[in-house]
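Protein sequences, first through last, are from chains A and B.
Each step along the first sequence adds one to the number in the numbering used here, with nothing skipped, and position 27 is 109.
Each step along the second sequence adds one to the number in the numbering used here, with nothing skipped, and position 181 is 333.
Think of the hints as simulated: they come from the structure by calculation, not from any bench.
These numbers were taken from a predicted model, which means no experiment stands behind them.
Where a beta carbon is used, it is the ideal one built from N, C-alpha and C, also for glycine.
There's no promise every hint is true.
Here are a few chain B residues that face chain A, going by a calculated C-beta distance under 7 Å [claimed, not checked]:
id : residue
1  : V174
2  : T293
3  : F297
4  : L403
5  : Q429
6  : A438
7  : G442
8  : L443
Covered stretches of chain B (in silico footprint by chain A; criterion: 3 or more residues with CB under 8 Å from a CB of chain A, positions within the stretch not fixed) [said to hold, decoys possible]:
id : segment
9  : 304-312
10 : 414-427
11 : 444-453
Which stretches of chain A does chain B cover? Using the computed rule of at least three CB atoms under 8 Å from a CB of chain B, they are [to be verified]:
id : segment
12 : 133-145
13 : 234-247
14 : 265-276
15 : 346-358
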Amino acid sequence: MRGARRLVVPQVLRDVLAQRSGRIGFVIVCLHLSVAVAAPMITPQDPAHQDAAAMLQSPSWAHWFGTDRLGRDVFSRTLLGGREAMLIATMATIIAMVWGSALGILTALIGGRTDAIVMRFVDAMMSIPWILMVMLFVAALGSNSAALVPVLGFSYGLSVVYLARAAALDFVARDFVVAAQIRGHARWSIALTELLPNVRDSLAVQGAMQWSWILLAVSSLSFLGMGVAPPTPDWGQMIADARGIMQRAPWALIWPMLALSSLVIGMNLAVDAWARATGVDRNRRVPGA
Amino acid sequence: MAAVLLQRIGLALVTMVIIAVVVFFALELMPGDACSVNLGRGASDSMLAACHARLGLDRPPIWRFVTWAGDFLRGDLGISMQRERPITEIVGWRLRNTLILAGVTSVIGIPLALGLGVLAGLNPDGPLDMAISGVAIFAMTVPEFISGTLMILVFSVILGWAAGVVTIGYKAPAFELVKASILPAATLVFILAAHILRMVRASVIEVMQSDFVQMARLKGASRRRIIWHHVVPNALLPAISIIGLTMAWLLGGVVIVESVFNFPGLGRLAVDAVADQDLPLVQAIALLFGLIYVLTNLGADLVALILNPRLRTRRQ
Numbered sequence: 083m084r085g086a087r088r089l090v091v092p093q094v095l096r097d098v099l100a101q102r103s104g105r106i107g108f109v110i111v112c113l114h115l116s117v118a119v120a121a122p123m124i125t126p127q128d129p130a131h132q133d134a135a136a137m138l139q140s141p142s143w144a145h146w147f148g149t150d151r152l153g154r155d156v157f158s159r160t161l162l163g164g165r166e167a168m169l170i171a172t173m174a175t176i177i178a179m180v181w182g183s184a185l186g187i188l189t190a191l192i193g194g195r196t197d198a199i200v201m202r203f204v205d206a207m208m209s210i211p212w213i214l215m216v217m218l219f220v221a222a223l224g225s226n227s228a229a230l231v232p233v234l235g236f237s238y239g240l241s242v243v244y245l246a247r248a249a250a251l252d253f254v255a256r257d258f259v260v261a262a263q264i265r266g267h268a269r270w271s272i273a274l275t276e277l278l279p280n281v282r283d284s285l286a287v288q289g290a291m292q293w294s295w296i297l298l299a300v301s302s303l304s305f306l307g308m309g310v311a312p313p314t315p316d317w318g319q320m321i322a323d324a325r326g327i328m329q330r331a332p333w334a335l336i337w338p339m340l341a342l343s344s345l346v347i348g349m350n351l352a353v354d355a356w357a358r359a360t361g362v363d364r365n366r367r368v369p370g371a
Numbered sequence: 153m154a155a156v157l158l159q160r161i162g163l164a165l166v167t168m169v170i171i172a173v174v175v176f177f178a179l180e181l182m183p184g185d186a187c188s189v190n191l192g193r194g195a196s197d198s199m200l201a202a203c204h205a206r207l208g209l210d211r212p213p214i215w216r217f218v219t220w221a222g223d224f225l226r227g228d229l230g231i232s233m234q235r236e237r238p239i240t241e242i243v244g245w246r247l248r249n250t251l252i253l254a255g256v257t258s259v260i261g262i263p264l265a266l267g268l269g270v271l272a273g274l275n276p277d278g279p280l281d282m283a284i285s286g287v288a289i290f291a292m293t294v295p296e297f298i299s300g301t302l303m304i305l306v307f308s309v310i311l312g313w314a315a316g317v318v319t320i321g322y323k324a325p326a327f328e329l330v331k332a333s334i335l336p337a338a339t340l341v342f343i344l345a346a347h348i349l350r351m352v353r354a355s356v357i358e359v360m361q362s363d364f365v366q367m368a369r370l371k372g373a374s375r376r377r378i379i380w381h382h383v384v385p386n387a388l389l390p391a392i393s394i395i396g397l398t399m400a401w402l403l404g405g406v407v408i409v410e411s412v413f414n415f416p417g418l419g420r421l422a423v424d425a426v427a428d429q430d431l432p433l434v435q436a437i438a439l440l441f442g443l444i445y446v447l448t449n450l451g452a453d454l455v456a457l458i459l460n461p462r463l464r465t466r467r468q
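Based on the sequences and whatever the hints tell you, model everything.
Listed below in structure tokens is the structure:
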């Protein structure tokens with residue numbers, strides 16, 4: 083098994099790229115990631131530079147995407163606008179995946195009353211809409227992006243518990259798990275060596291999906307003024323900022339909208355193709371997610 | 153039947169208690185409390201002590217939780233920090249407005265979703281299904297604040313059919329709010345319908361391949377009879393519980409959509425309360441949303457029990 087696994091990784095990528103939607107999604111996501119990484123080197127202008135003489139200018143050679151209501155260059159801000167949100171989403175996804183899958187796999191393995199109690203709690207917490215959950219914490223901690231990471235990591239981990247548990251339940255009654263139990267292995271060791279390798283694909287696909295959901299959450303919060311704070315440029319914040327001037331300067335609104343939508347749509351296409359390639363059931367939906 | 157019913161109601165109660173515990177103790181775990189957050193860093197010790205005494209924050213947390221939850225049951229939501237008025241007074245009208253928005257959304261969205269879902273499911277991968285499913289995937293992927301802003305851009309700025317933002321106050325008469333909720337409700341319908349119709353579509357496809365539909369086809373029933381008497385009732389039953397679960401999403405979406413359209417409801421109030429760091433108000437709204445969610449889910453469960461005899465005898 084161990085030798086074969088090394089070959090599986092490029093095979094999965096090949097399977098994704100063999101599908102048309104997978105190809106489109108993969109290219110969009112790669113493009114976004116490389117722009118995010120390279121943005122500080124390639125932005126033509128200082129994104130925070132305000133120019134009272136160049137407010138609300140339509141696209142021109144000097145400002146490819148025009149300028150916003152403070153005379154800032156929309157092109158530079160759009161290139162940079164995804165970085166902070168992507169960074170927050172990446173860190174929050176790691177937190178959510180780690181605690182969510184650990185708890186989900188363990189509770190599936192332990193079963194019985196513990197399982198019932200844990201799932202009742204998870205159920206109840208998921209019935210509070212995520213945004214209110216996050217707002218509860220933002221109200222207490224004040225809005226800063228460092229506080230968003232653990233808060234989002236916690237809230238979005240709840241649905242990971244659900245999924246990890248469901249995926250692990252398919253295996254807990256199998257012979258190899260029972261055998262490990264009879265051999266006297268500790269629970270955490272069974273979870274790590276017997277269950278985790280089997281649910282790895284489902285969790286990986288779920289992780290990619292979580293990333294795009296958390297990215298949307300961060301952007302939505304920035305839109306509401308609770309996420310990425312100025313002067314750091316951010317798509318959600320740019321959209322909120324340009325809403326009042328959409329009649330006079332639609333370009334300040336449309337570019338960040340296109341950027342965020344294309345990233346999320348690309349991510350969805352890629353993840354769907356990935357799920358098909360690995361045979362993961364994407365329709366096993368989590369309530370409330 | 154009675155046992156299943158009692159079990160559902162019991163579960164709803166337990167869920168509600170857990171929500172209250174989480175909403176209350178999540179803030180207990182945070183550094184600072186309503187007073188220190190509200191008074192800011194410059195507050196002196198005596199000011200903090202006076203504020204603690206006024207709000208009863210000097211008492212033990214368990215005692216405060218019990219009084220807070222008890223007061224909530226009696227309809228007293230506490231006092232807002234920033235607005236210095238009873239929360240019940242602030243929340244009342246806005247709760248009505250949000251319910252109007254959610255009502256308009258459900259009345260338009262749910263039948264639309266069921267109809268489109270059945271249409272798409274009857275001819276999977278046909279041109280109609282491709283169009284419906286394509287739009288649905290777009291609606292589910294793009295965040296609410298972008299689809300809402302697009303609605304304003306298209307229907308208000310470009311076409312000029314409806315006012316982009318709501319300008320009426322929160323005490324406006326109900327029929328004016330129904331008028332004002334056209335664009336916000338359209339945004340919510342767009343997304344809500346997408347979620348439900350995907351489920352209905354999958355359900356219809358499954359039922360179409362079932363033995364009893366095959367049987368009906370073989371005995372020579374007309375296509376119309378098969379669809380209306382065999383497929384639709386069986387495919388829509390599972391959709392009822394999905395509608396209940398979609399409420400969690402709808403309530404979250406309401407917060408953003410209300411902010412986009414400046415709609416004077418509970419969701420926008422929550423955003424304002426967070427901006428003012430008004431902790432008691434945020435807690436009260438979170439608890440109210442939890443309550444609405446639990447009640448709608450219980451309602452959906454009961455409707456499903458009434459319509460679907462198969463569920464009545466199933467035990468956990």
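Against the structure, the hints come out as follows:
Hint status for V174 (chain B): holds, given a least beta-carbon distance of 6 Å to chain A, under 7 Å. Interface restraint check for T293 (chain B): the shortest CB-CB distance to chain A comes to about 5 Å, inside 7 Å, so the restraint holds. Checking F297 (chain B) against chain A by beta carbon gives a least distance of about 5 Å; that is within 7 Å, so the hint holds. The closest approach between the C-beta of L403 (chain B) and any C-beta of chain A is roughly 5 Å, which is under the 7 Å cut-off, so the hint is satisfied.
Against a cut-off of 7 Å between C-beta atoms, the interface hint on Q429 (chain B) holds, since the closest Cβ of chain A lies about 6 Å away. Here the hint on A438 (chain B) is kept, as its CB sits about 5 Å from the closest CB of chain A, short of 7 Å. Checking G442 (chain B) against chain A: minimum C-beta separation of about 5 Å stays under 7 Å; hint holds. Given the 7 Å rule on beta carbons, the hint for L443 (chain B) is violated: about 10 Å separates it from the nearest Cβ of chain A.
As drawn, the segment 304-312 of chain B meets chain A at 3 residues by the rule of a beta-carbon pair under 8 Å; at three or more, the given contact holds. Residue count for the segment 414-427 of chain B with a Cβ under 8 Å from a Cβ of chain A: 5. That meets the three needed, and the coverage hint holds. Here the segment 444-453 of chain B counts 3 residues with a CB under 8 Å from a CB of chain A, which clears the bar of 3, and the coverage holds. Counting residues of the segment 133-145 of chain A whose beta carbon lies closer than 8 Å to any beta carbon of chain B gives 0, which falls short of the minimum of three for the stated coverage.
Check on the segment 234-247 of chain A: 0 of its residues sit with their Cβ under 8 Å from a Cβ of chain B, so the three-residue criterion for coverage is violated. Closer than 8 Å: that is the beta-carbon criterion, and the segment 265-276 of chain A has 0 residues meeting it against chain B, so the requirement of 3 is violated. Check result for the segment 346-358 of chain A against chain B: holds, 3 residues qualifying (beta carbon to beta carbon below 8 Å, three or more required).
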